[in-house]
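**Student:** These protein sequence lines map, in sequence, to chains A and B. Numbering-wise (my numbering), the first sequence opens with residue 38 and increments by one. Numbering-wise (my numbering), the second sequence opens with residue 0 and increments by one.
Since the hints were made in silico from the structure, they are not lab data. Errors might be hidden in some of the hints.
[Said to hold, decoys possible] With a straight-line Cα cutoff of 27 Å, these simulated DSS-like cross-link-like pairs (lysine-lysine) come out:
1) A:K254 <-> A:K243
2) B:K315 <-> A:K138
3) B:K23 <-> A:K90
4) B:K401 <-> A:K90
[As the list claims (entries may be wrong)] Using C-beta positions, here's what the derived DEER-type ranges look like:
5) A:D381 <-> B:Q103: 54 to 60 Å
6) B:E286 <-> A:A42: 50 to 56 Å
7) B:C223 <-> A:G363: 36 to 42 Å
8) B:G452 <-> A:G363: 45 to 51 Å
9) B:L319 <-> A:Q238: 31 to 37 Å
[To be verified] Here's a subset of chain A near chain B, in silico, CB distances under 8 Å, partners left out:
10) H46
11) D74
12) W95
13) Y320
14) R373
On a predicted model such as this, the values are computed, not experimentally measured, just so you know. Every residue, glycine too, gets a C-beta built ideally from N, C-alpha and C.
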Amino acid sequence: MQDYASQIHRCFRCGYCKFPSDYSSFNCPSYRRFRFDSYSTGGRLWLIYAWLKGEIEWSEHLAEIFYTCTACRNCVEQCPMKFAPDIVDWIVGARSDMVEKGRIPPRVARFFESVHGYGNPLKLLRGDRAAWANGVRRYAPGDEYLLYVGCLASYDENGQRMARALVEVLNAAGASYGILAEEEECCGNEIYMLGEMGLFQSLADKNIGRFRDLGVKKVITLCPHGYNTMKNNYPASGGDFQVYHCTQVLDDLIKRTEVKPSSLEARVTYHDPCFLGRYNNIYEEPRRVLRSIPGIELVEMERNRRDAFCCGGGSGNFITDLLAGGEDSPARVRVREAHQTGADTLAVACPGCLTMLTAAVKSENLDEELAVRGISELLSGALSNQ
Amino acid sequence: MVGSRAVYDELVRIVGKDFVSDHKEERYFYARDGGLMPPHEPDFVVLPNTSEQIQQIVKLANREQVPIVPQGAGLALTGLVIPQRGGMVLDMKRMDRILEVNEQARYVVVEAGVTHGTLKNHLHRHHPQLRHSIPDSPPTATVVANAVIHGQGRLSQQHGFNSDMVSGLEVILPTGELCRIGSCSVSPYWFSKGPPLPDLSSLFLGWFGTTGIITRLGLKLYPCKKMRDVMLALTDRAELVPDIMLRLSHTEMVEDVVAAAQPLPLRFKDTFWIMAYITGDTQEELEFKRKMVWDALWDLFESRDVGILSLPSAMKGPLLSMPSKDTTRFADVSKGGGFQYAGPIAPIEKFPLFVKKLEEVAANYKLFYSSTSRLIGAGHCMMFSFSFSFNRANADEMSRAKKALDECSRFALEEGGVLWKADIDEQKLLMDRMDPNTLGLMKKIRQLLDPNGIMNPGNWEIE
Numbered sequence: 038m039q040d041y042a043s044q045i046h047r048c049f050r051c052g053y054c055k056f057p058s059d060y061s062s063f064n065c066p067s068y069r070r071f072r073f074d075s076y077s078t079g080g081r082l083w084l085i086y087a088w089l090k091g092e093i094e095w096s097e098h099l100a101e102i103f104y105t106c107t108a109c110r111n112c113v114e115q116c117p118m119k120f121a122p123d124i125v126d127w128i129v130g131a132r133s134d135m136v137e138k139g140r141i142p143p144r145v146a147r148f149f150e151s152v153h154g155y156g157n158p159l160k161l162l163r164g165d166r167a168a169w170a171n172g173v174r175r176y177a178p179g180d181e182y183l184l185y186v187g188c189l190a191s192y193d194e195n196g197q198r199m200a201r202a203l204v205e206v207l208n209a210a211g212a213s214y215g216i217l218a219e220e221e222e223c224c225g226n227e228i229y230m231l232g233e234m235g236l237f238q239s240l241a242d243k244n245i246g247r248f249r250d251l252g253v254k255k256v257i258t259l260c261p262h263g264y265n266t267m268k269n270n271y272p273a274s275g276g277d278f279q280v281y282h283c284t285q286v287l288d289d290l291i292k293r294t295e296v297k298p299s300s301l302e303a304r305v306t307y308h309d310p311c312f313l314g315r316y317n318n319i320y321e322e323p324r325r326v327l328r329s330i331p332g333i334e335l336v337e338m339e340r341n342r343r344d345a346f347c348c349g350g351g352s353g354n355f356i357t358d359l360l361a362g363g364e365d366s367p368a369r370v371r372v373r374e375a376h377q378t379g380a381d382t383l384a385v386a387c388p389g390c391l392t393m394l395t396a397a398v399k400s401e402n403l404d405e406e407l408a409v410r411g412i413s414e415l416l417s418g419a420l421s422n423q
Numbered sequence: 000m001v002g003s004r005a006v007y008d009e010l011v012r013i014v015g016k017d018f019v020s021d022h023k024e025e026r027y028f029y030a031r032d033g034g035l036m037p038p039h040e041p042d043f044v045v046l047p048n049t050s051e052q053i054q055q056i057v058k059l060a061n062r063e064q065v066p067i068v069p070q071g072a073g074l075a076l077t078g079l080v081i082p083q084r085g086g087m088v089l090d091m092k093r094m095d096r097i098l099e100v101n102e103q104a105r106y107v108v109v110e111a112g113v114t115h116g117t118l119k120n121h122l123h124r125h126h127p128q129l130r131h132s133i134p135d136s137p138p139t140a141t142v143v144a145n146a147v148i149h150g151q152g153r154l155s156q157q158h159g160f161n162s163d164m165v166s167g168l169e170v171i172l173p174t175g176e177l178c179r180i181g182s183c184s185v186s187p188y189w190f191s192k193g194p195p196l197p198d199l200s201s202l203f204l205g206w207f208g209t210t211g212i213i214t215r216l217g218l219k220l221y222p223c224k225k226m227r228d229v230m231l232a233l234t235d236r237a238e239l240v241p242d243i244m245l246r247l248s249h250t251e252m253v254e255d256v257v258a259a260a261q262p263l264p265l266r267f268k269d270t271f272w273i274m275a276y277i278t279g280d281t282q283e284e285l286e287f288k289r290k291m292v293w294d295a296l297w298d299l300f301e302s303r304d305v306g307i308l309s310l311p312s313a314m315k316g317p318l319l320s321m322p323s324k325d326t327t328r329f330a331d332v333s334k335g336g337g338f339q340y341a342g343p344i345a346p347i348e349k350f351p352l353f354v355k356k357l358e359e360v361a362a363n364y365k366l367f368y369s370s371t372s373r374l375i376g377a378g379h380c381m382m383f384s385f386s387f388s389f390n391r392a393n394a395d396e397m398s399r400a401k402k403a404l405d406e407c408s409r410f411a412l413e414e415g416g417v418l419w420k421a422d423i424d425e426q427k428l429l430m431d432r433m434d435p436n437t438l439g440l441m442k443k444i445r446q447l448l449d450p451n452g453i454m455n456p457g458n459w460e461i462e
């Protein structure tokens, strides 16, 4: 973490950060939701600077402004300044200071407590972590891959669907893999983004130690959040293994014809998850998987790839839900955009996005017109049609 | 002072609780802009969504004697939307609907929160044969606020100030009435802000929100050619720049003429860059215009007073981009998040004098400078920017930058310039020099339109 305090005054509050690259609409999820400039990246940076200078005191409202940033990195993409790559780090740095002072929103505090006490932010029993995984074998030394499932896919029923579908495809391809089941620990990506660096380090150390003990060389993550932190944060703590997001593995299996999807008729639009796209530049693999399925017509939303509009779930907001409420919530905005494409299916590659967007489809009363499905579910469906 | 609970409750009733804030955080942010004027907090920040809501807010403000400051993106940098007497800031950006594009009459009608970025995108997607005059401010700048401050843009050389391109207004008067200005007051069409009627738009443009709140605006659109290019003339003789700009304008072939001066990178030092933008629907048209530009400057080229640089595409890209991100990047030259400019509107003959002054002032105050001057109209005047970057974490540098700007503004005024988007101190300088009868007329207009003095008080305030 760099010394953000000595740099943060450099924001000019020009507002480029609010937009996608074509300026078509506002692309900062918290600004789109709240519409006060204080909730834009520029607003947040100016308020952090004011807080550091002692010009404003801590308040619950200030903390909410800090924590409604989903860390989606749209601002990083759009800011014209040289410091652009550091913006999210600055916000995380400020959150970290808030954590150290014990001044965080109650929902964020509960998030930390749940992960600390239960190993997941949903406050569900560790022993139930593999309840979804009927018959999936545990990782054993010699397996090619460890399938790291993650919290949402372990506990949330939408995520569990994704996990079961992924397992079906891996099994169909004869992949060599296993899971950690109740030994799996939260990856810590959200903990990092929320600024609890001590807890993050503890989680990273536990996971890295367990992987090392088991001789894990390759990890498949179902969730882009886990992929991001294992790929970009764990190496600094000694993580020495290759990490793949499941869509990369699926793409590879299809290329090598170890998976041969048959027909699935659907008009599909794909939502880029922030931690796969903007964080890790993985845009084409998920699309190639979708295009490989005969019968799928892939249509793009107006905002896609680097310009994709975040579902609002990042930085733990899929649990803390600080951006919820009303038709301006990012997930509802995104679902309307997906619906405008004429797609009948909104494909996702992240269980967090799946949770957010599934709820938003219900709120928009689009249940009958738009299904939200994981890419692994679509592929699994295409295999079962054989 | 924090506003009264009764006013807050009434604002909540009008716009909904999600769109009113009296939190310290919003009051802090909306108390300042990116420039150097001292902050002053509003009591409330309000995000209206309809003209009807604004009418109710204005009536409330009159009843309770609460100042109102309408705001676009707050990018003027001269503190024009800093609420000098508190009250409420109306952030207009929720009113973001593009209501109509009339392709044949070539105008668009937008709500007050529509940004230049969004309008550019909308036209590009849906009406690619049309464009508007995009300013160099960031894309968050609103069309209405830019017109209210008499902004300039990429079509100003051909068509004047962006406010000259207004083709109609809907305004909430300071007493709450909704009023339409121009052809739209008698017709469903928004093709003219005045003629053949009395032009009442002047009661609202340039007044910085002191005479009413513009809620809708008609804006003239212009043909969008399929191709654009930029040609670059260089000279180390400042005294030649006005002539070069005039020659380029005389061709009637260039869309935009801009002269730039800055000391860094070193290849820019002591050199003036004059950019001529040309457009065409075919390569032949573009080539013809290129030739016209060459011909216009040929004798200067032959005498070696002017060079014409062939630009690689990597250099052309940033120059052709609209809006220009490079303009914004100037704020980080001092790695400090700040820049401000004094931008007098002046005869182009003043260019050499202003450049000399800019260099002197920058040296005296130890500041990094740049200048971008845009031709407005067919040489009728230019906007000359005395721009200084500063570090917001360095109070001394900020103080020097403010003094430098003040000195430049006074100098420009002495030389016959008129200060653009003048801050409250510069407004006083202007009014001190103004013809007393003109000043009296302005005072009568303000008193007539805003009897309770609630509209953006502190600005254009006549003793």
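**Student:** With reference to the structure, classify each hint as holding or not holding.
**Tutor:** Checked hints:
1. A:K254 <-> A:K243: 16 Å, holds
2. B:K315 <-> A:K138: 49 Å, violated
3. B:K23 <-> A:K90: 15 Å, holds
4. B:K401 <-> A:K90: 21 Å, holds
5. A:D381 <-> B:Q103: 54 to 60 Å: 38 Å, violated
6. B:E286 <-> A:A42: 50 to 56 Å: 55 Å, holds
7. B:C223 <-> A:G363: 36 to 42 Å: Hint holds: Cβ distance 37 Å, inside 36 to 42 Å.
8. B:G452 <-> A:G363: 45 to 51 Å: 37 Å, violated
9. B:L319 <-> A:Q238: 31 to 37 Å: 48 Å, violated
10. H46: 4 Å, holds
11. D74: It holds, given that the least Cβ distance between A:D74 and chain B is near 6 Å, below 8 Å.
12. W95: A:W95 check fails; min Cβ-Cβ to chain B is 10 Å, beyond 8 Å.
13. Y320: 21 Å, violated
14. R373: 15 Å, violated
The structure does not agree with the numbered hints 2, 5, 8, 9, 12, 13 and 14 stated previously, though it agrees with the rest.
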